[in-house]
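Work out the full structure, taking the sequences as your base and the hints as a guide.
There are 2 protein chains.
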Amino acid sequence: MEFLKAVTAKEALGMINTFPVYLHTEVIPLDDSLGRIVAEDIVAHENIPPFSKSLVDGFAIKVKDAQGAKETNPALLFYKGEIRIGEEAKAVLDEGSCIYISTGAMMPEGADGVVMQEYSRKMGDAVEITKTTHKGENICFIGEDIKIGSTVLAKGKRLTPFDLGVLSALGMADVWAYKKTKIALISSGDEIIPIDQQPTPGQIRDINRYTILNMLKRISSDVSFIGVARDNPEDINEHLIASRENDMILVSGGSSKGERDYITTSIEQLGGEILFHGINIKPGKPTIFASLWGKPVFGLPGHPVSCSMAFTRFVLPLVRRLQGESVEEEKRTTGILTTNIPSSYGIEEYVRVTVAYDEEGCKITPLFAKSSVISSLSRASGYIIVPEGREGFEQGEEVVAYYFE
Amino acid sequence: MEFLKAVTAKEALGMINTFPVYLHTEVIPLDDSLGRIVAEDIVAHENIPPFSKSLVDGFAIKVKDAQGAKETNPALLFYKGEIRIGEEAKAVLDEGSCIYISTGAMMPEGADGVVMQEYSRKMGDAVEITKTTHKGENICFIGEDIKIGSTVLAKGKRLTPFDLGVLSALGMADVWAYKKTKIALISSGDEIIPIDQQPTPGQIRDINRYTILNMLKRISSDVSFIGVARDNPEDINEHLIASRENDMILVSGGSSKGERDYITTSIEQLGGEILFHGINIKPGKPTIFASLWGKPVFGLPGHPVSCSMAFTRFVLPLVRRLQGESVEEEKRTTGILTTNIPSSYGIEEYVRVTVAYDEEGCKITPLFAKSSVISSLSRASGYIIVPEGREGFEQGEEVVAYYFE
Chain A
16 MEFLKAVTAK EALGMINTFP VYLHTEVIPL DDSLGRIVAE DIVAHENIPP
66 FSKSLVDGFA IKVKDAQGAK ETNPALLFYK GEIRIGEEAK AVLDEGSCIY
116 ISTGAMMPEG ADGVVMQEYS RKMGDAVEIT KTTHKGENIC FIGEDIKIGS
166 TVLAKGKRLT PFDLGVLSAL GMADVWAYKK TKIALISSGD EIIPIDQQPT
216 PGQIRDINRY TILNMLKRIS SDVSFIGVAR DNPEDINEHL IASRENDMIL
266 VSGGSSKGER DYITTSIEQL GGEILFHGIN IKPGKPTIFA SLWGKPVFGL
316 PGHPVSCSMA FTRFVLPLVR RLQGESVEEE KRTTGILTTN IPSSYGIEEY
366 VRVTVAYDEE GCKITPLFAK SSVISSLSRA SGYIIVPEGR EGFEQGEEVV
416 AYYFE
Chain B
16 MEFLKAVTAK EALGMINTFP VYLHTEVIPL DDSLGRIVAE DIVAHENIPP
66 FSKSLVDGFA IKVKDAQGAK ETNPALLFYK GEIRIGEEAK AVLDEGSCIY
116 ISTGAMMPEG ADGVVMQEYS RKMGDAVEIT KTTHKGENIC FIGEDIKIGS
166 TVLAKGKRLT PFDLGVLSAL GMADVWAYKK TKIALISSGD EIIPIDQQPT
216 PGQIRDINRY TILNMLKRIS SDVSFIGVAR DNPEDINEHL IASRENDMIL
266 VSGGSSKGER DYITTSIEQL GGEILFHGIN IKPGKPTIFA SLWGKPVFGL
316 PGHPVSCSMA FTRFVLPLVR RLQGESVEEE KRTTGILTTN IPSSYGIEEY
366 VRVTVAYDEE GCKITPLFAK SSVISSLSRA SGYIIVPEGR EGFEQGEEVV
416 AYYFE
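So the sequence lines, in the order shown, correspond to chains A and B. Counting from 16, one number per residue, gives the positions in the first sequence under the working numbering. Counting from 16, one number per residue, gives the positions in the second sequence under the working numbering.
What the hints contain is simulated information worked out from the structure, not anything from laboratory work.
Identical copies go unnamed one by one, so any copy, or any two together, can satisfy a pair.
The list that follows gives simulated cross-link-like pairs (lysine-lysine, DSSO-like), each with its CA atoms no further than 27 Å apart: (1) Lys232 / Lys197; (2) Lys194 / Lys172; (3) Lys150 / Lys95; (4) Lys346 / Lys385; (5) Lys378 / Lys346; (6) Lys146 / Lys300.
Rendered as C-alpha cells:
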C-alpha cells in the first residue's frame, strides 16, 4: 500500500518552487520593518557620508606638510582653529597650517589627511606633529560608505538590523515591503486536545500547533490557528473552508495513508488537486502538497519531528516565496561527525544533530530518536541531510549541518 | 594621549561578566514566550507520550506470532477489531490475533510490535502478515519522548519553537520567564539628526539608533529610545537622568577621547564610576563601561561598525545575563579563508566576512572597509576574531566565523 503520488525530495521542491504565487506590497514605517522583505531594489539617492569626514579626533593637514615627521623631528604647523562637529567646514586649509577636527566632523577643503591627536602637541598658535601621515589617512570620503546611484539592498532581502542602519543612513523613514503571508494552521486528529486539558488515555496534547506557529512567527508570517479538526470529512471540510481567506493552508496530522485519511479526500471534494502525496524522505514521508482555490495546501505528518522537518525543508521555502523573499541565507556549519550515521539508499534523510565548538574545531553529533520525540528537536542545534544516493555518513567525515532558525 | 582606563578584550569581558545583576521573573502565557528566557528548570510531571502508541497505521501483534513471516509464507492471525485513535485501548491482545491500529493510537495490552499496513492482507476475519516484525518495532513507548521527573529544559534557556513544543506536550500553558531587560538607548553628537530630516553640510542621520535598537529587539529586550543628546554636559546629564528607570543605559557616540568627550564627565558628575574607557580591540576601541546608580552604562563609539561590533561582543553578553540567559549558543561556521587578513599584534580584531557554501565546502571572505561603513555590515554574514596574539590569518587557513544574530 504505497502512496499513489509519492515523489523524490527534488521533485517535491520542483513542484513547490514553481507553484504560482501572487505578491502584494505595502509601505511600512522603518520602525516596523525588522525581518520584513524589501519589495524594491534600494538605490541610493545621495552619497553616504554626504561629506568627507574625519574618523578620529586630531588635526586636518596637508600630508606633505608633515612628511617625515617623527617624535624626535616634529613638523610645526600653524593652528588655524577648529571645525565644530555638525557644522559646515567653511575654512580652507592653507599650506603649512592645520585645523583641529573631531571624529565625525566635516573635512576642510585643502586637507588630505588627519593626524591623530596623540601624535600632536599644541603649543599656543602652533601645533607639533610627531608622525608622518599618509594621503587619505583617517578620512572617510564622501560616498565611501554608499555611492549615489548604487544599489544598496536587493529586492527580496529580509531586513536585518544592519540593513535598517543602511536605510536610516539614507533617510528612508518608510520602506516598500511585501505583505506578510497569511497562513492558516489546522491541527487534525481525534486524539488531539488543547494543551490546557488533561488527556484521558489515548489522547495527546497539540504539539504541532506550537512548533509550526512559532517557526512561522520567526519569519514574520501572519499566522492564524483555525482549530483542531476531528477525523471526519465534514469537520475537515469546515476547517479548510474557514481557512479560505489565507494565502496558504497547513494541516498537521491525518496525512498518513490509513483508513482514516480524510485530508486528501476533503481537498478533492472541495475542488482541489493533490499534487503529491508522500515524499521519499525520513522523517516526514506522508507529506501532502495540494492546490485548493489556487492556494497551496500542505498536509503535514502528525509526529512532531516529522511535522517540523517536513515544514523546515518543504513549507518554509514556499512561505519565503509567498512573501517575496529571494535572497536567502541559510546558516550552516561544517564539522566532523562524531559517530556513524546509517541511512537507507533511495531516501533523503534528515538527522537532528548537536553542534559543539572546541579548540579542535567543530564536532557534529547525531541525536538518534524516533520521529515522535519532540524533546530531541529541542536539544538539537540543527540537522544534516543524508542524500538519497548515500547509505549514511561515517565517523570522522566532514559534514555540513544546517542550523534551525 | 592614551585612554586612562584601557583594558584588553579579556579584561573587559571579565568586568562585564561580574557586574552585579538582579533578575526578576514573571509568569507569561506560552503563546507569548517565543524567544523569552525560562526562569526555572522544567521538570516533567508526566510521561510523554502518556501511553505507548503506534507510529504507523497497521496491526498490533505479538511479534512471536509472525516470526519468519514473509510474502511467500505469511503468518495468519485472527482479526480482533480496531483501536480507535484518541480512545483508551481496552482490548487485550491474545495469542494468534491482531488488532488494527492507526498512527498515534494507544497500544493494546499484550502487543509488542506493529506491522505496517503494507505488509498485511485482510481477508475476512483473518489477516495475513507478510513480514517479520521486531520486538518494539513501530511503537513509541510511554515516556520515550519525555520521562516523568526528567529535566526537559534548563533554567536560563532562550525558548525556541521546539521548546514550546516540549512545553505544550507537558500541558504548560504558562511559563515562568525572566522579565525583559529594560534598556535605554541614547544617541549623542551635535552632528546627529533624525532620519526624516535633510542633513545640512556637516550633519549625518542617526544610524546607530536603528542598528542597536533592532539588535536588541531580536533578543526580546524592552528597549526605549530616549533621544539625541547634544555634545554638552547638561544635555547628556538630562538624557542619562531620563534613562534612570532602566536596567541598562547605552549611549552611542561621544565616547572617543577628544575635547568634547562629555560622557565620562557626565557619568562621574552623576555619581557613577568609570570601570574602563577603551578596549584594545578594532574596531570599537573607544568603548566605555561604567556603573551609574548601580546600573551598567556603555558608551559606544559613534562609527556605526565600531558601535555594532562593540555592542555584539561586549554589550550583548551583559544583556543576556540581565535577562537570565545562561544557555547560550552562538551560531558559527568553520571555513577556508579566501584571502590574507593582516592584523596588529596586541589588538583583538573583528573582521566582517561573507560566508559562502559550495560543493567544496565553506569559503570565508573578509570585507575590508572602514569602521564607519555601515553598508559593509549589511553585506556581511558574520565576523571572524583575530586574537590579540596573532598578526592576522593567511589565505587557505581554516577559521571560525560567527554569524550575526
